[in-house]
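What follows is each chain in one-letter form.
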Amino acid sequence: MEAILKSDLHAKDTHAPAKSAIFWRPTAQTGLISWLTTVDHKKIGFLYGVFALFFFLVGGVEALLIRLQLMYPNGTVLTAQQYNTMFTMHGTTMIFLAIMPLSAAFFNFIMPLQIGARDVAFPRLNAFSLWTFVAGAIVINLGWFMHDGAPDGGWVGYAPLTSKTFAPDHSIDMWVMGLQLLGVASIAASLNFIVTIINLRAPGMTMMRLPVFTWMTLITAFLIVLSFPFITIALVELMMDRLFGTSFFEVSNGGMPILWQHLFWVFGHPEVYILILPAMGIVSEILPTFSRKPLFGYPIVVFSGASIGFLGFSVWSHHMFTTGMGTMATAAFSLATMAIAVPTGVKIFNWIGTLWDGRLSMRTPMMFALGFVWMFMIGGFSGVMHSAAPADAQQQDSYFVIAHFHYVLIGGSLFALLAGIHYWFPLMFGRKVSEFWGKLSFWVIFAGFNITFFPMHFLGLNGMPRRTFTYDANLGWNAANYIATIGALILGVGIFIYFAVMVYTFLKGEKVGKDVWDARTLEWSLPNPPPEYNYRVIPTVHARDAYWYNKQHKEEIAREEAEGAKAEAAHGGIHMPHQSIYPFVASLGLFIASIGIAVIDHDPSPGFWGNKIVVSMIGGVVMLAGIYFWALEGNEGYHLHLDDEGNASADKKAAKH
Amino acid sequence: MRLSSLLTSTARWGRAGFALGALALLSGCDYNFWRMDGHQSTITVAGPVARSQLEVFYVTCWVTLVIFILVGGVLAYATLKFRAKTEAEEKAIPPEQGHGNPLIELGLIGASVLALVIIAIPTLKGIWYTYDVPEDRKADTYEITATGYQWWFKFEYPSEQIAGSGALTTGNELVIPAGRPVRINIRTVDVIHSFWVPKLAGKVDMMPNRANFLWLQADEPGYFWGQCAEYCGDSHAVMRFRVIALAPKDFADWVAQQTSPARNVTPKPGETAKAQFASLRTFKQNETGITDKYDVAPLEAWKAKQFPEKGENAALIAQGKALFVSKTCASCHEVRGHGAAGISGPNLTHIGARSTIAAGLIENNSEQLQRWIRDPGSVKPGNKMAKAYIDNNIKLTNEDEVALVAYLQSLK
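Here the protein sequences line up with chains A and B, keeping their order.
Just so you know, we're using my numbering here: the first sequence kicks off at 244 and counts up by one.
Just so you know, we're using my numbering here: the second sequence kicks off at -1 and counts up by one.
This is chain B alone, in the form it adopts within the complex:
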C-alpha cells in the first residue's frame, strides 16, 4: 500500500474522531458484550462437537480461575502488607536477606503439575472425540466435501450423484441433515482457508496437498453462521458461509429439488420484458447487505427462498438467461440444464433458492444481487469476477443487470 493512498483517508479519520466525541450518545448501544450469544458464539453451541470443545474450555477456565484467585490473592496481600508507607520506612534497615525455601518451591511445583493433570485428562478425551465420528455412529454418517476458493466455499455431496453431471454441487450455503453426524472433507484449490462454524464445531484448516476432514452434527434444525478463519488474502474478512440443518424429510426434499436441473420459465407468446428499471442506489464502502428482518428468522427466510416468487416476469427472465451466456457469465458459472458449465465460480443452478450471495456476505434479494453484479470488486475487494469484467471488457447496462437479477432469482 502506498503512503499517499493512506493520506487520502485522513478525511475519514476526522469522522472517526467526531464519532469518538459522540461516546455519550451511545447509551442506547448494546454493552452486554460478555453475554457471548451471537450467531458465531462458541458458548451457545448447537452440536456435540462444539459442546465437547466447550466443556474442555470450561475445565481450563475453572482451574485457571481458582489458581488466579489463590495466587493473585497472595500477590495482592503481599503487595499491600509489605508496602513501605513512608519514605522513612523505605530507608529503614533492610529486611532479612533470605534466599528462598526449597520445600515451598517443590510443593508449588507439585501443585501446578496436579492442576495441569486436571486439565490434561479432559483434553485428551476431547482430542480423540472431536477428531472423527464415533464408531457407533459411523453407519449413520453423511459425507460432504467442502472446498475453499479465494473467497468462497464449494460444497459437494458425493452420495447425491446426478446422471451425466457427477456429485451435487452447491456454493456458500451448506445444507445438512439435522441429528446425524456429518463428516466433511476439507479441501482447497488455492491458498489456506479454514472451515469454521463456531456453534457446530471448531475449525479445521483447508490445507493444500492435505486431505483434512472434520465432523459435526446439528442437534436440531437450524441456521448457522460460518466464516473462513485463516487469513487468505484481500477479502478474507468477507469469506463467509452458512449452514442450514434440516429435518430428515426436509433434507430429502431439498436434495430432490437440488438434483433436478435448473428451473425453466417460458414466456407466453407476446409477453414483453416490462420491468421498473429504477436506478440502483449507491452503496457505501463495506456497507452491510443484511437486513434486520432477515436476521430475526433466518431459517424461515431461507425456506421462503425455496419457492418461486410471485409476479415473475418471464420475458425478462428469458432476456437474463440469454445475457448470462452472451456476457460470458457462463464460462465461470454452471447452471445445469441451461448450457452454462463454467467451474471456476460457484455453481448457480439453484442460486435463487439461497438466502445469501457473495459467500454468505449479503442477502439474496434483487437490490443486493444487482449491487453485486454491478460492481463485485467493491463488495469483495480483489475478487475474480471483478477482474473478469475488465479482462473480458464486460459492460452491463442497468437494464442488463435487472434482467440478470430476474433470471438468477428465478433459479429455485
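So that you can see chain A by itself, here it is in the shape it has in the complex:
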C-alpha cells in the first residue's frame, strides 16, 4: 500500500494534466475560467464575500422600500402584495444570502490560514458549495423576473399559507427549491470545514490552541450539519404537498400545520446561532488584538460557545409560545431559553475582561467590535424579555420582536462581520482602509441603526403587529414609524459610505506591509495578499496566540522553518490541487433540475421543453455527469518549488495523491 502511495507521489507526469479530452484540467490563472474552476479557498472565500455583499445590498433596498411604505400611516409606496413580497424576500435574502455566506467567506478565507493549512480538506467540494449557493440564490430570486412573482409567504413560510390552495403560483416552489439548494451548499461546506479543522491543523495546533474564530467555525459547522436536515425534511414535505398532493400540512386531509413550525424552528433556532457564533468568533479575535493582550478566559469562551450551540437545539418552541402548547411545554421552553442567557452573558463578561488592563487601540475594527458588544447586549436583554412566556404573549409577532432580532442580527452579526472586513482587509488585499472614512462609516451606521430600531421596541409595546403593509393614524404609531424610516435612510447612507470606501481601498487604498495590527494569530505571519499555497513551510505551533509567541521567539522559529523547508523539499515541494470545472457542472445540474421542479409548468400534453419532468431529468443527468467526471478525473495535483525569495518555480510537477 505504502509503495503504491509513494510511487504515485513521485510519478513522472508532466505539468500538462490532460489525460484525455474528457478530463480537461483547466490551468487558467486569470479570466472567467479561472474563477469558475478555482479550488483555492481564498478565491472561493472572496467570491462568497462578493455574492454575499451583492445580496446584502439587494436585501437593503428591500428593507428601505419596507420602511418607505411605513413612513406614514396609510402609505402608498407599495401595494399589499408588493409589501408582503418585500418582507419575505428581505428576511430570506438577509439570512440565507447575505449574513450566512458572508460568514462562509470568512470561514473559507481565514480559517485554513488560522490553523496553518494550505487549503481546506476537499477543495473541489468547496467550489461545489460555492456554486450551489449561487444557484440557490438565483432560484429564490427568479420570481422577480416572472409573472408568478417572488415568494410572499414570509421567511418562515408557515403552512398552510404556503400550500397550493392559498399560494397557487410558482413563487413558493422557487422558495422551496432555492432553500433546498442552499441547504446542500451549507451542509457540504460545513462537512468540509469540520474535516479541515479536525485533520489539517498544523503540528502543535491542539484543539485548545485553536483561535476562537476557528472554534466558532467548527461549532457553527456542526450546527449547520445537525440543523439543516430538519428544514430539508420540512421543505421536501411541502414540495410533496404542492407537487404530488400529499397531506403533510394539508388540513382538509388531516395534515398538521404545527408540524411545519416544529420542523422549521428546530432548524430555525440553531440557525440564529449559525448567524451569531461566527460574529462572536470575529469579535473574540479583534478585541485581544486591539487590547494587546490574550482573550480573557479562553477555555470558558470556547466552552460557552459550545454550550450555546448545544442549548440552541433545546429552545426552538420559544418561537411558538402563542401556538397553544399548554403550560408545561411553555414553562420548559421558557426556562431553557433563560438558561441560554448564561453562556451568552459569559462571553460578554470575557470580552470586557479582555479589555480590562489592556492597551486599547481604537482603530475602525475595534470600533465595530465594541459597537457589537453594546448592541448585542441590548439585543440579548430583549431576548431575555421574550423568554418570559407571559410577556412574550404580548411581544410575539409585534415590532418588539423586530427590534430584538435586528439588534442581534445587525447590531450583532453584521457589526462583527463589518469589523471582520476591516480587520482582515489588509491581509486579504494588502491595503488598509482609511481610519477617517472607516470611523465615519461606523458612526453613521451606528446612529442610523439605533434611530431605526430603538423606537421599534416602543412600537411593539404599543401594539403594532409585524408584517403589516399599512396602519391607521389613530394608533399612536406615527412618530416612531417616521423616526424609524429616517433612521433607515441614515443607515443606508452609512452602508453606502462603508462600501464606497471598501471599493476605493480595494482599488487605490494605502498599501501596507504584513501584520499591520501587530496581531496574535497565525494568518498574520503571511505576506499580504497570501500566496496561493499560503504557508511556504507548514508552521509549528507552540502557544495559543501562535503568532504572538513566534514574534517573541524569532530565532527558534527561524530555525524550525529552515528545517521544515528542507523536509518539504525532500518530500517533493508544496503539493497543490488542480483546478476543476466539474464542481461547477454538478451545481449547474442542480440548478437546472430545480428550475424544472420549481418553475416549469406541468404540461399534460407533453411538449419537449414544456415538460417539467424532462427539464428536471436533464438537470439530474448534468449533475450526475458532473459528479461522475469529478470522481474520475482524480484528485491529482502538482508540486510547487520555491526559491529563496519565495517565487514559485515554473517547474510544476504533477503528482497523484
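One or more of the hints may lead you astray.
Subject to a maximum C-alpha distance of 20 Å in a straight line, what follows is the list of computed EDC-like cross-link-like pairs (lysine to aspartate or glutamate) [stated by the list, open to error]:
#1 B:291 to A:715
#2 A:809 to A:799
#3 B:83 to A:600
#4 B:382 to A:412
#5 B:89 to A:600
#6 B:410 to B:154
#7 B:301 to B:218
#8 B:83 to B:94
#9 B:385 to A:715
#10 B:89 to A:758
Treat the hints as calculated values from the structure; they're not laboratory data.
Once you have looked at the hints, place chain B on chain A.
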C-alpha cells in the same frame, strides 16, 4: 410580484423623497412615541390577564436594566480608562499577558443564574395564571368561539341559542360582558391567524386542527382594538376587530336584540325611493376609513349605532333588500329572517348596529359602506367578495349601491 410593476411605483418614491425633505415641517407631529398609550397598547392595560403579562414584562425590564447599567458601566469605564490616547501609547510595550481569572468567571456565572431565577419565578406563575380561568372564577365564566377567516373574524355565542338557527353569530365586533372572565375558543377555517386584543390579553394563534383557547376579562365597560397578529396572506394588515365590553344589563339587552331576527322596515303604500344619488368620491389607496369624531368616543359611537337612524327611506330599503338577494349577496351572507343564509361571509343580520365594517377596518357609515360595496378589493386586497364580483359578473350601479347601503344600515 413583477419587477415591472415595482417600477411603476417609482413616481410615488419621488413623493416620499419630497416628504423626507419636509422633515422640519413636522414640528406639529406627536413625537411622544415613548408614551405607549395607544388603542393597542400593552402598557395601559384593562384586564387581569394583560396586567399579569405586563407585570412579568416589568420584572424582566427592571432586572435587565440593572444588569445593563452594571455591565454597561464597567464596559464604558474599561473602554475609557484603558484607551491608548496617542499613537506612541499604542506602540508601547504590551500589558501583562493575563489569561483570565476563574474565580471572577464563576462568580459572574452565579450572579447571572441568580438574576434569571428572579425572572423565572414570576414567569412560571404567569404561565399558569394566564393559561386558563382561575378555578374560583370558572362558574362565572362566559364562553365564546372566535374563528379566523381570510381576512375577518367570526364570533359565536354557544350560550345564546336561537331556535332553528343555532348559536348567535356575529362578525368582527366581539361584544362581551365586563367584569366577568370570558373564555374564548380559538379556531380557524383556513390559514393560521392570531387573536390579539393587547389591552385585554396577549395573543393566541388560531391553528388549523388545534383546539386553542384563551381567557380574558375587561375590568370596566369599554371599547378595545384588536388585530390579527399572524401573517395570513395579502390582507393580513387589515384583518382587525373590536371588542366591546358592556355592563351586565347592557349586555343582556344587546343579546336580546341580537337574538331577534333582522329588522323589517315596511314602506307605506305609495312611498317611493327618493334618495340623493350623489356620486361617491374617489378614495386613495389604503385611505383611512376612521374619522376623528368616532375615535374620540368610540363606545358612544357604537351605542348610537344600536338605534334606527332618523329619516330612513323605507322604499329604498326595500329596494336594497331585493338587490341583496338578486345580486347574490345572500349566497355568502346571512341575514336571519330575510331569506339570506350564506355562511362563507360575515353574518349581517345586525350589521347596522356595528360601529365598523370590513373587519374593523373602516367606520360603518353610508360613505364607507358604499366604498366597500363598490370596490371591496381596493379596501382589502385579495378578498373573496372582490373575486365573487368577477366570478358572478356582478355589476352595481350607483343607485344599487345606495339602496344596498340603506338596507344594510337599517339592520339594527
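Now for the hints, and whether the structure bears them out:
{"no.": "1", "hint": "B:291 to A:715", "verdict": "holds, 15 Å"}
{"no.": "2", "hint": "A:809 to A:799", "verdict": "holds, 16 Å"}
{"no.": "3", "hint": "B:83 to A:600", "verdict": "holds, 14 Å"}
{"no.": "4", "hint": "B:382 to A:412", "verdict": "holds, 18 Å"}
{"no.": "5", "hint": "B:89 to A:600", "verdict": "holds, 15 Å"}
{"no.": "6", "hint": "B:410 to B:154", "verdict": "holds, 18 Å"}
{"no.": "7", "hint": "B:301 to B:218", "verdict": "holds, 16 Å"}
{"no.": "8", "hint": "B:83 to B:94", "verdict": "holds, 19 Å"}
{"no.": "9", "hint": "B:385 to A:715", "verdict": "violated, 25 Å"}
{"no.": "10", "hint": "B:89 to A:758", "verdict": "holds, 14 Å"}
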